[in-house]
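Undergrad: Below are the chains, spelled out letter by letter.
Protein chains: 2
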Amino acid sequence: MREVYVAGVGMTKFGRWETKSQLELFGEAAMDAINDSNLKPGDIEALFVGNANGDVNEGITVLGSHAAAEVGMNHPPAIKLEGACASGTIAIVNAFMWIASGYADIVMAAGCERNTVTPTPDATRLMNTGAHHRYEAGTGITFPGMFAMMCHMYSHKYNIPVPQLKEYMCMVSMKNHKNGTKNPKAQFQKEISREQYYNSVMIAAPLQMFDCCPITDGSAAMVLCSKDAVKKLTNKPVQVVGVAQASSGGLSTQKDYTRPIAREISVQKAYKMAGLTPQDIDLVELHDCFTIAEIVATEGLGLFDFGKGVYGLEKGETQIGGRIPVNPSGGLKAKGHPVGATGVAQGYEVVNQIRGNCGARQVEGAKIGLTDTLGGPFASVGNIIYKRGW
Amino acid sequence: MREVYVAGVGMTKFGRWETKSQLELFGEAAMDAINDSNLKPGDIEALFVGNANGDVNEGITVLGSHAAAEVGMNHPPAIKLEGACASGTIAIVNAFMWIASGYADIVMAAGCERNTVTPTPDATRLMNTGAHHRYEAGTGITFPGMFAMMCHMYSHKYNIPVPQLKEYMCMVSMKNHKNGTKNPKAQFQKEISREQYYNSVMIAAPLQMFDCCPITDGSAAMVLCSKDAVKKLTNKPVQVVGVAQASSGGLSTQKDYTRPIAREISVQKAYKMAGLTPQDIDLVELHDCFTIAEIVATEGLGLFDFGKGVYGLEKGETQIGGRIPVNPSGGLKAKGHPVGATGVAQGYEVVNQIRGNCGARQVEGAKIGLTDTLGGPFASVGNIIYKRGW
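Chains as they are written, first to last, in this note's numbering: chain U, 1 to 390; chain H, 1 to 390.
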């Protein structure tokens, strides 16, 4: 396989964009990444766009082709991919393959989503389409419901009473909101207090509003290149050293909600490919769609032993400046979660951290970063490991 | 790049499946392909599923993951791709890259769709989502409308009056329906007469019902392998020697509806990669979503000069037994068009033709076959060239 590098990245501000379509948001992020890579749109040889709900939310299919045309690319192969919340990471994994194979030299992976157009009841129904449509969707299961069950199972398995677990979940929420204050592209740039956390509305016990990531519009983009190509484009290349994905089916395919099986398979493949271990990672952007999801992910990714993530969190090890900073961008919780864009936005953060571009939220000396996205009923996981180039 | 081969293929009967879900149809085709490849589901290292409208038609997202679980695969990377009617071909192109790169050895590309669940007015609205949603969808443009314009433009450009062009279009319809009678998996297995053609209901002048492909449910699957892997699995390997894709945006990005730009870019790349010319091709499965589309595609693919496709058709050159048989399977017109499955079903036909498995519709001596799929407002085209192995 040929080596694959990131030449440049781009991202819109995340938030509520009432007057911009998905294609316009894509266009902003794509041009940002193209400019950052010292390229022109016509140089992009293939385009991958992660998008989960655009056909329902905006009534648009063949999104990849329309996206390529939106910024004046030269009729490249253009592909929309969907793996629910993991769609953006899947776009990067596939862009990687086109370069690794030798078929192309310069490929864009992007993601975009415009979810705030959909009122909450419809959004709940729409998200619910990720559940197994024959056996589980009809039970009324929702994503907050799934992750609430994850809380209860974690509490039971590790003998941590729910009120105590809530204290840890509050720490995740406060940490990520604090990180968000340092990210000018985050949807929320306000710290929250313990009181605000506990006073927020109950969503699915024990998950309250501040345990849940928001509904978000936004886009992110990344230009991936062969080694020869990247040398001409940037003096701050970042290498993609590990890419992996894995799947599972409906919730009934899980043995233990606190250990989504697809994550463990995927991340081990990524570490193996990169020749790295969790101890080598300098920072992580992971899928904190709910606060409990961050705790569970830090364990599944091998940053902490199973059942010990809460204690590392309590010691501040996942804060910026801690042993292994998690979600310095603010994560899904504060930066926002425009579904199809999320995996690419995680890459945007890690690449900028490795380049030393992150200002107030910079992780000192960051050379290697890991991303993690989780889609559907724990059904699709993608992991990517980025490493500073030469 | 490593060489890539087809180890096996599978397909459901195409038609109206009232009692089977998309996942069940996928399962049938996938197991058919896995058995044909002398494999077990757990051997599949990655899964690509082309699907265009499943989230709307059946309310299901993360389809790739659910599909992998449906047949008991071992948590592979699982990816849904969408490029409207080209989705299935896009699945094959991407499966190719995973093997060509060396990342995987055995990958499945599949497609499935269940479109007959959607009543015609909703189906029209759903298909319309392929149009540029801001500038064109709102005009009320439909796919029959686009291809009707293609007829008028072809008529005007090549000075063939519409009634004369209709005679050629009737030949396409009769040919493909006749081929369909020889395909036990075709949706329609009845010949049609000239009288039936002309007596059918007008859809979008000059397109009548027998100019239009049907709405179809079905699935098809293909197992792609590295050279080392395929040697252990079959003694009838078929090599994938050319893969290409290209895109364009809304209709406004086309200069000439009779020559969709993405097709010309894509097929030239496929020929170049394969080191072949149109004269080397023994049979073609192409995108006859409407009869005029077949005529235009035979020209865009280089089988006939521009404006001359109708004359080759008239001479019988595209019939089974002719110089270059087109759509021996019955094509979209008679075999049916389950959107996301179509590109893979084209591959199923070509692979079986190259293996000499096609009985009454066998193209004698077929060694090299080309497929062509066209998605959206001529916005996404994929081409694949298959060649008999050793």
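Treat each hint with caution, since some may be false.
No copy labels: a pair is met if it fits in one copy or bridges any two.
For lysine to aspartate or glutamate, the following DMTMM-like pairs were computed, each having C-alpha atoms within a straight-line distance of at most 20 Å [what the hints assert, rightly or not]: (1) Lys20 x Glu167; (2) Lys20 x Glu136; (3) Lys227 x Asp105; (4) Lys185 x Asp305; (5) Lys272 x Glu45; (6) Lys367 x Glu3; (7) Lys157 x Glu136; (8) Lys269 x Glu136; (9) Lys272 x Glu18; (10) Lys272 x Asp105; (11) Lys367 x Glu136; (12) Lys269 x Asp43; (13) Lys13 x Glu24; (14) Lys269 x Asp105; (15) Lys236 x Asp32; (16) Lys157 x Asp228; (17) Lys13 x Glu195; (18) Lys40 x Asp122; (19) Lys308 x Glu191.
These are calculated hints, taken from the structure and not from any lab test.
Undergrad: For each hint, tell me whether it holds in the structure or not.
TA: Comparing the hints with the structure gives:
no.	hint	in the structure
1	Lys20 x Glu167	neither (38 Å within a copy, 47 Å between copies)
2	Lys20 x Glu136	between (34 Å within a copy, 17 Å between copies)
3	Lys227 x Asp105	within (9 Å within a copy, 24 Å between copies)
4	Lys185 x Asp305	neither (32 Å within a copy, 53 Å between copies)
5	Lys272 x Glu45	between (29 Å within a copy, 16 Å between copies)
6	Lys367 x Glu3	within (17 Å within a copy, 35 Å between copies)
7	Lys157 x Glu136	neither (24 Å within a copy, 55 Å between copies)
8	Lys269 x Glu136	neither (29 Å within a copy, 44 Å between copies)
9	Lys272 x Glu18	neither (43 Å within a copy, 45 Å between copies)
10	Lys272 x Asp105	between (25 Å within a copy, 17 Å between copies)
11	Lys367 x Glu136	neither (42 Å within a copy, 47 Å between copies)
12	Lys269 x Asp43	between (32 Å within a copy, 16 Å between copies)
13	Lys13 x Glu24	within (13 Å within a copy, 41 Å between copies)
14	Lys269 x Asp105	between (24 Å within a copy, 15 Å between copies)
15	Lys236 x Asp32	within (16 Å within a copy, 49 Å between copies)
16	Lys157 x Asp228	neither (50 Å within a copy, 46 Å between copies)
17	Lys13 x Glu195	neither (28 Å within a copy, 61 Å between copies)
18	Lys40 x Asp122	neither (39 Å within a copy, 40 Å between copies)
19	Lys308 x Glu191	neither (26 Å within a copy, 69 Å between copies)
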